[in-house]
Amino acid sequence: MKVKVKYFAVCREMFNRDEEEMELPDGAVLMDVLKRLEREWPEIPEYYEVMQMSVNWEYATEQTELSDGDEVALIPPVTGGIDV
Amino acid sequence: MKVKVKYFAVCREMFNRDEEEMELPDGAVLMDVLKRLEREWPEIPEYYEVMQMSVNWEYATEQTELSDGDEVALIPPVTGGIDV
Amino acid sequence: MFKITNQPIAPEDVIHAVKAENAGAIVPFLGIVRDNTGGRKVSYLEYEAYPQMAEMKMGEIAREIFEKWGLDRVAMIHRIGRLKIGEISVAVAIAAPHRKDGFEACKYAMDRLKQIVPIWKREVWEDGGETWVKPDPVYFNQKTAT
Amino acid sequence: MFKITNQPIAPEDVIHAVKAENAGAIVPFLGIVRDNTGGRKVSYLEYEAYPQMAEMKMGEIAREIFEKWGLDRVAMIHRIGRLKIGEISVAVAIAAPHRKDGFEACKYAMDRLKQIVPIWKREVWEDGGETWVKPDPVYFNQKTAT
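Heads up: the sequence lines are chains A, B, C and D, in that order. Quick note on numbering: numbering that gives the first Met the number 0 labels position 29 of the first sequence as 28, and the sequence is numbered without any gaps. Quick note on numbering: numbering that gives the first Met the number 0 labels position 69 of the second sequence as 68, and the sequence is numbered without any gaps. Quick note on numbering: numbering that gives the first Met the number 0 labels position 39 of the third sequence as 38, and the sequence is numbered without any gaps. Quick note on numbering: numbering that gives the first Met the number 0 labels position 15 of the fourth sequence as 14, and the sequence is numbered without any gaps.
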C-alpha cells in the first residue's frame with residue numbers, strides 16, 4: 000500500500016521536503032514509517048518522546064494501523080499562536 | 000454653605016429633578032442632606048441600606064463632613080454595563 | 000483610556016488603546032444588549048451614568064489592576080443613552096505579557112465595574128413595562144467594600 | 000468558524016462570527032507578535048500550520064467547550080506566514096450568556112489551542128539568529144493527553 004507522509008516545521012527542514020509517497024507492506028503500522036525514516040535520520044528515536052504523529056488528521060500512536068491512501072504526518076511540538 | 004446635590008436614575012425620577020443647590024449650616028454632614036430630603040420623601044430611610052452617596056465623586060459615609068461648593072450625589076444601586 | 004460615551008462602541012476602540020509592542024496578549028470583553036431578561040422580551044435599554052465619577056472609578060479599577068498584576072494598559076468604555084439589542088454597552092481591554100494574567104485582570108475589571116462604577120440601566124420590554132435594573136444580591140454585602 | 004489564514008486578522012472577524020441576540024457577553028482573545036522574547040529583539044515571526052488538521056482540532060476544542068459550558072458560539076482564526084511585530088497571530092472569541100463562563104471557556108480555548116492544534120512558530124531575531132519555538136515544559140507531560 001501507499002501512504003502520503005507530510006513533514007512540518009523542523010521536520011520539514013530536517014528531511015528537506017514537504018511530503019512524499021511511501022510504499023509500505025500490508026499491515027504496516029506507524030512505527031514502520033518511523034523505521035523507514037531512521038535509515039535517513041538515525042537519531043530519530045531520540046525524538047519519539049517529543050514528536051507526535053497523525054493519521055488522517057488525528058493524533059495516532061506508533062501502533063496505529065495504516066491503510067492504503069492514508070495521510071500520515073510528523074508533528075513536532077506545537078506552539079499554537081502565542082508563547083504567553 | 001451651599002452644596003450641589005445630584006440625582007440619578009431611580010432617585011432622579013423620585014425627586015423629579017437632576018440636581019439642585021442646597022443651603023446647609025456650617026459643619027453639616029451628609030446625613031443632614033438625607034434629613035432634608037426626608038421632608039420631601041419620608042420613606043428615604045428605608046433605602047439607606049442599598050443607596051450610596053458621594054462627595055466630590057468619591058463614595059462617602061453619612062458622617063462625611065461637607066464644605067461649601069461640594070458636589071453631593073445620591074447613588075442608587077449600580078448595574079454597570081451588563082447583567083451577566 | 001476611561002470613557003463614558005453616547006456614541007456606538009467599536010471593539011477596536013479599546014483594543015487599539017492598549018496595544019503595545021511588548022504585549023503578547025490582549026483580552027477584551029464586550030457586553031452586549033440581550034434580547035431578553037429572564038425570558039421577558041427586551042425592546043431596548045437605556046443607560047445612565049454619573050460621567051465624571053464613573054470615569055474616575057474606572058481609573059481606580061485600573062490602578063487596582065496595576066497593583067495586583069502589574070498591568071498598566073487598561074481601557075474601558077461604557078455607552079449611555081438608548082441602546083438597541085445587539086449593540087455594545089461596555090468594552091474593556093487589557094494588554095498583558097502573559098495570557099493568564101490578562102484573563103484574570105479582565106474578569107476582575109468587569110466584576111469591579113459592576114460594583115463601583117455609577118452606571119444605571121433601565122430595561123424597556125416589548126410588552127410595554129420597564130424597570131431600573133437592580134444589582135445582584137451580592138451587592139448588598141459588598142456595599143461597604145467600595 | 001475555525002480558520003487558518005495567510006491574511007491579516009481583524010478582531011471583528013471572530014467577534015462578528017459569535018454575535019447572537021441572546022448572548023450578553025463576548026470574550027475575545029488576541030495573540031500579538033511581541034518585539035522580544037526573553038529580552039532578545041524579534042525581527043519577525045513565521046507561522047506554519049497543518050491547515051486541515053488545525054481546523055479540525057479547533058472544531059474539537061469547540062466541542063469540548065460545548066460539553067463543559069454548553070456554549071456553542073466559538074470562533075478561532077490563526078494566521079500563518081510571515082508576521083510583523085504588533086500583528087495579530089491568533090484571535091478567539093466566545094459568546095456566553097454569563098461572563099464568568101465566557102472568561103473560563105476562552106482561557107480554556109487558548110490553553111487547548113497551544114496543546115493540540117498543529118501550528119509552529121519560527122522566530123527570526125534582529126541579530127540574525129532564528130529558531131523554531133519549543134513549547135512549555137508542561138507539554139511533555141501532556142503529550143499523551145492529546
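One or more of the hints may lead you astray.
[Stated by the list, open to error] Here are the computed lysine-lysine pairs in the DSS-like style, where the Cα-Cα straight-line distance is at most 25 Å:
1) D:67 with D:2
2) D:83 with C:83
3) C:83 with D:40
4) C:99 with D:40
5) C:67 with D:99
6) B:34 with B:3
7) D:67 with C:2
8) B:3 with C:67
9) C:40 with C:67
10) B:5 with C:2
11) C:18 with C:83
12) D:67 with C:83
13) C:99 with D:67
14) A:34 with A:5
15) A:5 with D:2
16) A:3 with D:2
17) D:83 with C:40
18) C:99 with C:40
19) C:2 with D:99
20) D:83 with C:18
21) D:18 with C:18
22) D:67 with D:18
23) D:18 with D:99
24) D:99 with C:99
25) D:40 with D:2
26) D:67 with C:18
27) D:2 with C:40
28) A:34 with A:1
29) C:2 with D:2
30) C:99 with D:83
[Claimed, not checked] Chain A side only, calculated, beta carbon under 10 Å to chain D, not exhaustive:
31) 5
32) 7
33) 30
34) 31
35) 53
36) 56
37) 57
38) 70
39) 77
40) 78
In short, the hints are calculated from the structure, not lab data. We treat Cβ as the ideally placed atom computed from N, Cα and C, and that holds for glycine.
We went through each hint and held it up to the structure:
no. : hint           : verdict
1   : D:67 with D:2  : holds (22 Å)
2   : D:83 with C:83 : violated (38 Å)
3   : C:83 with D:40 : violated (46 Å)
4   : C:99 with D:40 : holds (23 Å)
5   : C:67 with D:99 : holds (19 Å)
6   : B:34 with B:3  : holds (16 Å)
7   : D:67 with C:2  : violated (35 Å)
8   : B:3 with C:67  : violated (36 Å)
9   : C:40 with C:67 : violated (40 Å)
10  : B:5 with C:2   : holds (20 Å)
11  : C:18 with C:83 : violated (29 Å)
12  : D:67 with C:83 : violated (31 Å)
13  : C:99 with D:67 : holds (19 Å)
14  : A:34 with A:5  : holds (16 Å)
15  : A:5 with D:2   : holds (20 Å)
16  : A:3 with D:2   : holds (24 Å)
17  : D:83 with C:40 : violated (46 Å)
18  : C:99 with C:40 : violated (36 Å)
19  : C:2 with D:99  : holds (24 Å)
20  : D:83 with C:18 : holds (14 Å)
21  : D:18 with C:18 : holds (24 Å)
22  : D:67 with D:18 : holds (20 Å)
23  : D:18 with D:99 : holds (17 Å)
24  : D:99 with C:99 : holds (15 Å)
25  : D:40 with D:2  : violated (29 Å)
26  : D:67 with C:18 : violated (32 Å)
27  : D:2 with C:40  : violated (34 Å)
28  : A:34 with A:1  : holds (16 Å)
29  : C:2 with D:2   : violated (34 Å)
30  : C:99 with D:83 : holds (24 Å)
31  : 5              : holds (7 Å)
32  : 7              : holds (6 Å)
33  : 30             : violated (16 Å)
34  : 31             : violated (21 Å)
35  : 53             : holds (6 Å)
36  : 56             : holds (4 Å)
37  : 57             : holds (8 Å)
38  : 70             : holds (9 Å)
39  : 77             : holds (5 Å)
40  : 78             : holds (5 Å)
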